[in-house]
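**Q** Sequence:
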Amino acid sequence: MATSSEEMTKLSWRRYEDGDNVWDSLTDKIFVQDTSHKCPTYVHKTPPCQGSCPSGEDIRGWLQIVRGLEQPPQDVTWQEYAFRRSTDANPFPSMMGRVCPAPCQDGCNRNEVEDFVGINAVEQFIGDTAIANGYKFESAPADTGKTVAIIGGGPAGLAAAYQLRRKGHAVVIFEANSGLGGMFRFGIPGYRVPRDALDSEINRILDMGKIEVKLNTKVGVDITVEQLEKDYGAVLWAIGCQSGRGLPVPGWDGTPNCVSGVGFLKAFNEGRMKVTAEKVVCVGGGDTSIDVVSVARRLGHISKTNKSDLPETVIHDGYVAHDAATAAAAEGATVTLTSLFTRDKMTAAEHEVDDALQEGVTVLDGVMPVEVIKNDAGRAIGLKVADCQMTDGRPTPVEGTERVLDADIIVSAIGQGGDLTGLEQFDNGRGLMNSDKFYQVPDKPGHFVAGDIIRPHLLTTAIGQAWVAVESIDAYLGQAEHKRRPKVDVHHFDLLAKLNEAELSPEHFDAHNGDLRGTSDAKYAIHNYEDRSGAEVIPHDELFLGHYQYTPRIHRKEEVPSADDVLGHFKERVIGYAEEEAINEAKRCMSCGMCFECDNCVIFCPQDAVFRVNKSESTTGRYVDTDYAKCIGCHICADVCPTGYIKMGLGE
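465 is the number of the first residue of the sequence shown in the numbering used here; add one for each residue after it.
Because the hints were derived from the structure by calculation, they are not lab data. Don't take every hint at face value.
Taking lysine-lysine and the DSBU-like style, the derived pairs with C-alpha atoms no more than 30 Å apart in a straight line are [unchecked claim]: (1) Lys1079 - Lys987; (2) Lys610 - Lys674; (3) Lys962 - Lys1035; (4) Lys743 - Lys678; (5) Lys987 - Lys600; (6) Lys947 - Lys962; (7) Lys901 - Lys951; (8) Lys502 - Lys901; (9) Lys962 - Lys600; (10) Lys610 - Lys600; (11) Lys600 - Lys678; (12) Lys1021 - Lys987; (13) Lys610 - Lys1079; (14) Lys1051 - Lys1079; (15) Lys901 - Lys631; (16) Lys771 - Lys809; (17) Lys610 - Lys908.
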């Protein structure tokens, strides 16, 4: 039980529990340390934020840059350096900083202290700053003479184009829609993804050159697979999942005003649907469903409608659109979101659900659809739902809890599927494509795949898969064997690359005349350093959490309209960090698995064995070293290392 004084100081961590007053083992902890021969070594591990990021971003790295800890090379600002580090994995920092549900924040070790680091918010700052300052990607290397066809210009396809150009390969993107962006453009509303920022991040990729774009071109219909195989060195399928799943309940099929969440949002994002219905019921619980209900509250409805004014007419027919006068007459809509799962288990981001509630959406959690209720004309007039319980992992209605929700339009946002018309040879029987661990299509040499068409998931997942697929394509084009993927398959900090960048490269080793026995004085190797980042994610219990003071997270400001003001409100809700806020939030990063120069090991070493490296020779990861003639293996440095970078083991 916390004392009142602890509550006042907001203590966040205790090394010992009540009643602990002796060492577990006096012998191991005290009496034999001078003969243990264990000395500190510096071990790099992957932080859990990075391990949780499907794009595999070096999150710790760019946070260190923003906070001013890792210094940029000469003639590069820290803002541009942070942009380059973040976009090594993900070319859309402005977009993803806004819309990613941030599994990195769920994994953040800072949750064990008080609250996660606002990774998304800092990433948005990096991306918005890059757009404001006009940062471009570095020029592509020499042309390899190889051209890759990318089918789909969404997040996966564009990320793949970016990574392929970084390897010198030319790209042709085939996109079935009228513009690039995929779910960024057609699946997420503009008040969450500002279109000017989206266009800037897409154009930055296209500006790398040798990326040809063919819009309104559907492979399998307008061009054959055989023609692609003839014209290009490899093919990457990144077609996404553009068709929504209907509700598996009686009355859904064939009912005109029962529509998919994907179709609803596409009609809105293309500017064709300007009003919706008076009573909207959406079934979901994920981010797509939140977008549907938030858009519905903003659009409202009109009281008198012709058939052409009905929202489903616009959704089903891609060439019909509402006129501007229709929107001007709009009144508020009653909007209800239902979810199988209770609020705490909904997959939508918590703050997005909070925003929807503030905007006047009714959220019914823990209920399931049972039946679509129709009138004599065959139109849906309500959705019968019931409380939901899980039986053997399957949702089951609770008897006696059925009720009907009145509805003029019912939207299903329970999942998406692929459109493989003309591509039946790739269909795995579930409307998706199969992939091996290298993101190759099995038994289809030269064909690769990434994104939702493998399994609908997050935008960040598609971007990460595109990177690995490009590595595989590059190996295929070069007729090389696939490299074994590391256990922790992300973009790792590379100490040797950092030393090279800082002009501190190890000296050349002469294998004929050099001392093969090794010596700590030699300048041809990185001594006393072990890189386990490809194999291990560092957990919170390897950190000295007592070092960190209670520091509240800096929340991004939001302008979320009230239920009374939401109609016609299409301004962006999220207000990004100012520079000072981004720097201060980055300082909350605990730098798990990498030294952040706190000096604890130097200050607390009783033998003065741990010392700071000379400034002319130090860089990130090489801030301290150990004099092993003085070290007695007392383990104090490892105990007080906040980041878990110091391990006892050298010499044993």
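**Q** Against each hint, give a clear statement of whether it holds in the structure.
**A** Hint-by-hint comparison with the structure:
1. In summary, the hint linking Lys1079 to Lys987 is supported, as the alpha carbons are separated by about 16 Å, within the 30 Å threshold.
2. Between Lys610 and Lys674 the CA atoms are separated by roughly 11 Å; this keeps the pair inside 30 Å, and the hint holds.
3. For the proposed pair Lys962 and Lys1035, the alpha carbon gap of about 42 Å is over 30 Å, so the pair is violated.
4. A C-alpha spacing of about 40 Å is found between Lys743 and Lys678, which places the hinted pair above 30 Å, so the restraint is violated.
5. Annotation: proposed proximity of Lys987 to Lys600 is violated, straight-line Cα distance about 37 Å (limit 30 Å).
6. Restraint check: the Cα-Cα separation between Lys947 and Lys962 comes to about 23 Å, which is no more than 30 Å; the hinted pair holds.
7. Among the hinted pairs, Lys901 with Lys951 is consistent with the structure: their alpha-carbon atoms are about 12 Å apart, no more than 30 Å.
8. About 39 Å separates the Cα atoms of Lys502 and Lys901, which puts this hinted pair outside 30 Å; it is violated.
9. Annotation: proposed proximity of Lys962 to Lys600 holds, straight-line Cα distance about 22 Å (limit 30 Å).
10. Restraint check for Lys610 and Lys600: satisfied, since their Cα atoms lie roughly 23 Å apart, inside the 30 Å limit.
11. Of the pairs offered as hints, the one joining Lys600 and Lys678 holds, with about 23 Å between alpha carbons and a cut-off of 30 Å not exceeded.
12. In summary, the hint linking Lys1021 to Lys987 is not supported, as the alpha carbons are separated by about 50 Å, beyond the 30 Å threshold.
13. For the given pair, Lys610 sits about 45 Å from Lys1079 by alpha-carbon distance, which is inconsistent with the 30 Å threshold.
14. For the hint pairing Lys1051 with Lys1079, the CA-to-CA distance comes to about 22 Å; that is within 30 Å, so the pair holds.
15. A C-alpha spacing of about 21 Å is found between Lys901 and Lys631, which places the hinted pair at or below 30 Å, so the restraint holds.
16. Using a Cα cut-off of 30 Å, the hinted pair Lys771 and Lys809 is violated, with the two alpha carbons roughly 39 Å apart.
17. Pair hint Lys610 plus Lys908 holds up; C-alpha atoms about 19 Å apart against a cutoff of 30 Å.
Hints 3, 4, 5, 8, 12, 13, 16 from the earlier list are contradicted by this structure; the remaining hints agree with it.
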